[in-house]
Amino acid sequence: MADPFDAALDLLRRLPPSQTQKNLAGIISLVPDLEEELLSSVDVGLTAKHCPKTGRDYLCCDYNRDGDSYRSPWSNDFDPPIDPDDVADLIPRGRIRRMEEALNAAVDVYRELYYEGGVSSAYLWQLDEGFAGVVLVKKGASAGAAAGKGGWDSIHVLEVTEAASKRSAHYKLTSTVILDLGLKSEAVGGLELAGNLTRQQEQNLAIHGLREAEVEQSHVANIGRMVEDMETRMRNLLQEVYFGKAKDVVGDLRSIRPLSEAEQERAAQREVIGKMNR
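Read left to right, the sequence shown gives residues 1 to 278 (my numbering).
It should be emphasised that the hints constitute simulated quantities derived from the structure, not laboratory data. These figures come from a predicted structure and were not determined experimentally. A hint or two may mislead.
Claimed, not checked - Under the rule of at most 30 Å between Cα atoms (straight-line distance), these lysine-lysine pairs were calculated in the DSS-like manner:
| # | residue 1 | residue 2 |
| --- | --- | --- |
| 1 | K22 | K166 |
| 2 | K49 | K22 |
| 3 | K275 | K149 |
| 4 | K139 | K275 |
| 5 | K149 | K139 |
| 6 | K139 | K53 |
Could you put together the complete structure from these sequences and hints?
Here's what the structure looks like:
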């Protein structure tokens, strides 16, 4: 008999990518024992919450969740509130919290420059050797997009291992982009393009500075550059390969020009070719 977890993943791969979140909730309702494993293994579109303490929006994921509560990177508090003793290990402090605050500020600027809107969040946590984290960016279609929808969610999970000398660190970055686009109009009918793309990169980068504050800032700069480079490559790949292929397929399958016009153009071409061969 197939393992229930493997069967659930196989089923999600075969269902429409744009309905992953809905289908995931349905599977969890049928098999509640798989909730934790599925939520940590399946990438779904990000959701945003409002931080009541700072008034800023932040993104929710499995890395800032405890039960039904989520930690805001701006206030470092869980909402709904949880007993501090129960989540002491989940709240970053010291250098991890300082780097998290600096990384959120940097990602917020990056998001505004590249996306001109949307929501971003970054979360860090301590490991036995080094630290780990996740950088999240979400951007939806503009309110003026007529009869269309669109969503871009990027999830960058990172793991940092510091060298004994503290002069360099090993960075492992796993990035996933979830894209969901749709258009409905009289000219083209209904069109939907959805899916996700995952890429991984590892780099050894230098750490500059001797003071603790300089080391922390160097980590933030290295992480920011890796995330920016990875997103640029993935955007180009989506543009050149996925959008290009979709355009070719749609162009071969249908045309928005009336068939009579296309037939007249082909007849004119045949007439010109016939006169040239005389």
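Quiz item: Which hint numbers doesn't this structure obey?
Solution: Result: hints 1, 3, 4 break, sorted rising.
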